[in-house]
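> Those protein sequence lines, which keep their order, are chains Z and R.
Using UniProt numbering, the first residue of the first sequence is number 1, and each one after it goes up by one.
Using UniProt numbering, the first residue of the second sequence is number 1, and each one after it goes up by one.
Careful: at least some of the hints might be erroneous.
Identical chains share a label here; the pair holds if one copy fits it or two copies do between them.
Computed list of lysine-lysine pairs in DSS-like fashion (alpha-carbon distance at most 27 Å, straight line) [unchecked claim]:
hint	residue 1	residue 2
1	K70	K33
2	K323	K278
3	K336	K349
4	K224	K323
5	K253	K336
6	K33	K226
7	K224	K278
8	K336	K230
9	K70	K349
10	K230	K137
11	K33	K230
12	K137	K231
13	K298	K350
14	K309	K323
15	K349	K323
16	K336	K289
17	K224	K33
18	K336	K147
19	K70	K323
Rather than coming from a laboratory, the hints here were simulated on the basis of the structure.
Here the structure is a predicted model, which means the values were calculated and not measured.
There are 2 protein chains.
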Amino acid sequence: MVKLENMKNISLSDSVINLDHGDPTAYEEYWRKIGDRCTVTIRGCDLMSYFSDVNNMCWFLEPTLAEAIKELHDAVGNAATEDRYIVVGTGSTQLCQAAVHALSSLAGTQPVSVVAAAPYYSTYVEETTYVRSGMYKWEGDAWGFDKKGPYIELVTSPNNPDGTIRETVVNRPDDDEGKVIHDFAYYWPHYTPITRRQDHDIMLFTFSKITGHAGSRIGWALVKDKEVAKKMVEYITVNSIGVSKESQIRTAKILKVLKETCKSETENFFEYGHEMMKNRWEKLRGVVKESDVFSLPKYPEAYCNFFGKTLGSYPAFAWLGTKEETDLVNELRRRKVMSRAGERCGSDKKHVRVSMLSHEDVFNVFLERLANMKLIKSIDL
Amino acid sequence: MVKLENMKNISLSDSVINLDHGDPTAYEEYWRKIGDRCTVTIRGCDLMSYFSDVNNMCWFLEPTLAEAIKELHDAVGNAATEDRYIVVGTGSTQLCQAAVHALSSLAGTQPVSVVAAAPYYSTYVEETTYVRSGMYKWEGDAWGFDKKGPYIELVTSPNNPDGTIRETVVNRPDDDEGKVIHDFAYYWPHYTPITRRQDHDIMLFTFSKITGHAGSRIGWALVKDKEVAKKMVEYITVNSIGVSKESQIRTAKILKVLKETCKSETENFFEYGHEMMKNRWEKLRGVVKESDVFSLPKYPEAYCNFFGKTLGSYPAFAWLGTKEETDLVNELRRRKVMSRAGERCGSDKKHVRVSMLSHEDVFNVFLERLANMKLIKSIDL
Chain Z
1 MVKLENMKNI SLSDSVINLD HGDPTAYEEY WRKIGDRCTV TIRGCDLMSY
51 FSDVNNMCWF LEPTLAEAIK ELHDAVGNAA TEDRYIVVGT GSTQLCQAAV
101 HALSSLAGTQ PVSVVAAAPY YSTYVEETTY VRSGMYKWEG DAWGFDKKGP
151 YIELVTSPNN PDGTIRETVV NRPDDDEGKV IHDFAYYWPH YTPITRRQDH
201 DIMLFTFSKI TGHAGSRIGW ALVKDKEVAK KMVEYITVNS IGVSKESQIR
251 TAKILKVLKE TCKSETENFF EYGHEMMKNR WEKLRGVVKE SDVFSLPKYP
301 EAYCNFFGKT LGSYPAFAWL GTKEETDLVN ELRRRKVMSR AGERCGSDKK
351 HVRVSMLSHE DVFNVFLERL ANMKLIKSID L
Chain R
1 MVKLENMKNI SLSDSVINLD HGDPTAYEEY WRKIGDRCTV TIRGCDLMSY
51 FSDVNNMCWF LEPTLAEAIK ELHDAVGNAA TEDRYIVVGT GSTQLCQAAV
101 HALSSLAGTQ PVSVVAAAPY YSTYVEETTY VRSGMYKWEG DAWGFDKKGP
151 YIELVTSPNN PDGTIRETVV NRPDDDEGKV IHDFAYYWPH YTPITRRQDH
201 DIMLFTFSKI TGHAGSRIGW ALVKDKEVAK KMVEYITVNS IGVSKESQIR
251 TAKILKVLKE TCKSETENFF EYGHEMMKNR WEKLRGVVKE SDVFSLPKYP
301 EAYCNFFGKT LGSYPAFAWL GTKEETDLVN ELRRRKVMSR AGERCGSDKK
351 HVRVSMLSHE DVFNVFLERL ANMKLIKSID L
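Construct the complete structure from the given sequences, taking the supplied hints into account.
What follows is the structure, given as structure tokens:
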């Protein structure tokens, strides 16, 4: 066993590690320990129809998933679910596009401007440009955006890539043409203090980043306005005729267990996740502190309603900066660490986004390489 | 039990029956009988990563599914899989859009015209118009299409809605700008004789219509050209960051059992499906024959390489016509039968598309109502 682990380390120490994507494999160990309680068994004759609930506007939403979503938000206290439509999607990626589509199709004039405050989630750019829609137009950074006419601001809080708490930055309170999509992928207690129960018009969540089940491709939107929800459902109907039922019933089961563990002293997933993230961030900050080369954002502490105490933030991505005039993504690539270029996020070459949710051994290799980069830099000087 | 069944019939006899969508619940009974062999069990710690195979261009394709797809096509003999890329999608709906996107993005000029010979699958219209892309433009009926420049012809064979065997109708053999997407959703032995092993550039298949597992949202494309496959993968990456893994591994398991039953004398799924469809078509043709009001297409017999004998076609949809000058979709709606309007398929008011894949009791209610419509019509005259 020891031999095997050593071999694994040797092989890892040579290989490229990919921290570009936020593949959340860090939580696998927790779910392994939870064991059979999350196991789903699906027979050959189950889940065959397109339809999940013909009486629901979102006819492809499995009722057990809708229930699990509501119960989890109630238990965590991070979002209001009452008087809202739940729309399920193939990840929040599909839902974000559905929401942009819905708001644009209801706007008075088109194309509708789409903006997000830099640094922003780089995928927003691709999502709003790849089909070259005539309905909306990516207008980039929301800071300084002053174009007239209808617009959509994408607000991610905590923000991807830099982990900051965000609100809208395009301030046009009396402008009926301004709409906001709140992406709350990371508004969960292991990443950030839950300071309020969010109750915005359109709120997006994703299974991937809560529990680490990225392969299931499940996200959901909580939507206040009926017409917007309806248009989102229409989008998903044409885009993929609904959402995998296997993924939905598995998500429902896991979210129910997640909710149950919220009360547990020994198995609380958020406690586990929080400790793991805190530990990783402390290690990373340690390496960065030792270096004269790198920088990381600082996050204020806040009272977390879920944990009932004052806590820091431990984002799913590190927004790593450098004090040198250098192309950081290339520097890291030379050390076989793949990261996302700051430029893709509307920022600069001196920043990269690095996933904090990799497997433990990959994370440790990353720390090692980062520490060594500092040494090499020192020699370079 | 008898009482319960009667009650069910009474309730059905009053209710609206939906044969607009092709919800393929007819096969549920078969899969119930197959029992545990198709059961999948997924633990909480399984399938967590975004990635299925980092060495495959289609990095989100589960290797077991790729294998099952190849084995099934080999066993059935309906399509060539060698020297092709397999791209998995959230149903063939997502794949069709991915293919149109890929071909358009590789075209010399844009927008690329998209056409299909009427009557065509009505969803093609929605798929190619809803995002108002600047890359391609739905140009409607392929018969008589003569616009210059790049174009994509969608060929569905057997055709949805009318069950005919189709080839391209835009005949420009020397035109490099003409591309074809072959939708072979229904090219399986229970619907139509397998007369040749198809080997076109882009071929789409869907799990839904083979086995009836529509809720899984799994489709696949067999693609010859590497660049096209790559662009399709890029589309799906931005559209939904891959495809549900739960659905993929379940599809793999069921396709493997399906392949195994191909050799069975007692459990052959295609034999079962063929008998069921033949039986339904005979009943429907019986009702139509008794009526002076309705018409159905006739299909030639052909030698089926899979069954090793000459057989007829028994499409998944009935393309029901009327000899009266009437709006057939409304006439049926008045009798509480929902169907798809011929006009939506590029045809006329005198035709509708009716699903042949409903539950047995729903199908029988449909036949009853159709038979009664004839009577009512006779009285009307």
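> Hint by hint, say whether it matches the structure.
Going down the list of hints, with the structure as the test:
Taking CA atoms no more than 27 Å apart as the test, K70 paired with K33 passes inside one copy only; the shortest distance there is 25 Å, against 36 Å between copies. When the C-alpha separation of K323 and K278 is checked against a cutoff of 27 Å, the pair qualifies only within one copy, where the shortest distance is 24 Å, while the shortest distance between copies is 74 Å. For the identical chains of this complex, K336 and K349 are intra-copy neighbours only, at 17 Å inside a copy versus 63 Å across copies, given an alpha-carbon limit of 27 Å. In this homomeric assembly, K224 and K323 never come within 27 Å of each other (Cα to Cα): the closest approach is 44 Å inside a single copy and 48 Å across copies.
Taking the closest pair of Cα atoms, K253 and K336 never come within 27 Å of each other, the shortest separation being 38 Å inside a single copy and 37 Å across copies. With identical chains, the CA atoms of K33 and K226 are never at most 27 Å apart, being 41 Å at best within one copy and 42 Å at best between copies. Taking identical chains as interchangeable, the C-alpha atoms of K224 and K278 are never at most 27 Å apart, the minima being 34 Å within one chain and 48 Å between chains. Only between protomers do K336 and K230 lie at most 27 Å apart by alpha-carbon distance; the minimum there is 25 Å, versus 46 Å within a single protomer.
In this homomeric assembly, K70 and K349 never come within 27 Å of each other (Cα to Cα): the closest approach is 41 Å inside a single copy and 45 Å across copies. In the homo-oligomer, the alpha carbons of K230 and K137 lie at most 27 Å apart both inside one protomer (22 Å) and across protomers (25 Å), since each shortest distance falls under that limit. Neither within a single protomer nor between protomers do K33 and K230 lie at most 27 Å apart by alpha-carbon distance, with minima of 40 Å and 38 Å respectively. For the homomeric pair K137 and K231, the shortest alpha-carbon distances inside one copy (18 Å) and between copies (22 Å) are both at most 27 Å.
When the C-alpha separation of K298 and K350 is checked against a cutoff of 27 Å, the pair qualifies only within one copy, where the shortest distance is 17 Å, while the shortest distance between copies is 69 Å. In this homomeric assembly, K309 and K323 never come within 27 Å of each other (Cα to Cα): the closest approach is 34 Å inside a single copy and 76 Å across copies. For the homomeric pair K349 and K323, the shortest alpha-carbon distance inside one copy (11 Å) is at most 27 Å, but the shortest distance between copies (70 Å) is not. For the homomeric pair K336 and K289, the shortest alpha-carbon distance inside one copy (22 Å) is at most 27 Å, but the shortest distance between copies (72 Å) is not.
Taking identical chains as interchangeable, the C-alpha atoms of K224 and K33 are never at most 27 Å apart, the minima being 38 Å within one chain and 44 Å between chains. Taking the closest pair of Cα atoms, K336 and K147 never come within 27 Å of each other, the shortest separation being 42 Å inside a single copy and 51 Å across copies. Taking the shortest Cα distances, K70 and K323 never come within 27 Å of each other, neither inside one copy (45 Å) nor across copies (53 Å).
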